[in-house]
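Model the full assembly from the supplied sequences, consistent with the hints where possible.
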Amino acid sequence: MVPRELDDGVRIAQLLASELVGHEGALAGVTVTDADPDVAPTTDGARAYRVRLDDTALATVFVHPDRARIEFEAGQETALDAAPEVGLRVRPKANPPRTIVFVENGAEVKRALRVVERVVDASAETR
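Under UniProt numbering, think of the first position of the sequence shown as 1, with each following residue one higher.
Just so you know, these hints were derived from the structure itself, not from any lab.
Check each hint, because a few of them may be wrong.
Here are the simulated lysine to aspartate or glutamate pairs, EDC-like style, with alpha carbons at most 16 Å apart [said to hold, decoys possible]:
hint	residue 1	residue 2
1	Lys110	Glu19
2	Lys110	Asp7
3	Lys93	Asp81
4	Lys93	Glu73
5	Lys110	Glu24
6	Lys110	Glu85
7	Lys93	Asp44
8	Lys93	Glu77
Predicted model, so just to flag it, every value in this text is computed and none were measured.
Next comes the structure, spelled out in structure tokens:
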């Protein structure tokens with residue numbers, strides 16, 4: 001029987017990566033780089049891959065046993081505002097400065113994608 005919710009951090013991160021690279025429009029310039037195909041989730045989070053917009057680092061995705069987290073390097077204020085608007089848990093990180101968005105199941109991947117779109121849109125406005 002298929003579980004009702006996808007709550008495996010590695011699978012959530014894989015689903016997010018496929019969504020990020022499979023879009024056109026605002027996300028056409030987004031790439032997934034430095035992917036670790038053998039990443040194993042840890043309690044503290046293991047780096048799975050980086051997300052870039054053209055030559056700009058946007059975020060790093062980490063995997064935990066039961067979720068993924070996105071640490072935004074660019075567009076931190078935008079991510080901090082956008083995540084709760086789409087129902088995702090978010091918190092700022094002081095050192096180094098980052099905005100952390102938690103993706104706790106597969107159903108939240110589309111919402112996380114909307115946060116990335118907002119960050120990309122905000123980045124385009126400042127270029």
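Outcome of the hint check:
1. Lys110 x Glu19: Distance of about 8 Å is within 16 Å: holds.
2. Lys110 x Asp7: Holds - the C-alpha atoms of Asp7 and Lys110 are around 14 Å apart, at most 16 Å.
3. Lys93 x Asp81: Since the Cα atoms of Lys93 and Asp81 sit roughly 14 Å apart, the hinted pair holds (cutoff 16 Å).
4. Lys93 x Glu73: holds, 10 Å
5. Lys110 x Glu24: holds, 15 Å
6. Lys110 x Glu85: Since the Cα atoms of Lys110 and Glu85 sit roughly 13 Å apart, the hinted pair holds (cutoff 16 Å).
7. Lys93 x Asp44: holds, 14 Å
8. Lys93 x Glu77: holds, 12 Å
Hint violations for this structure: none, all hints satisfied.
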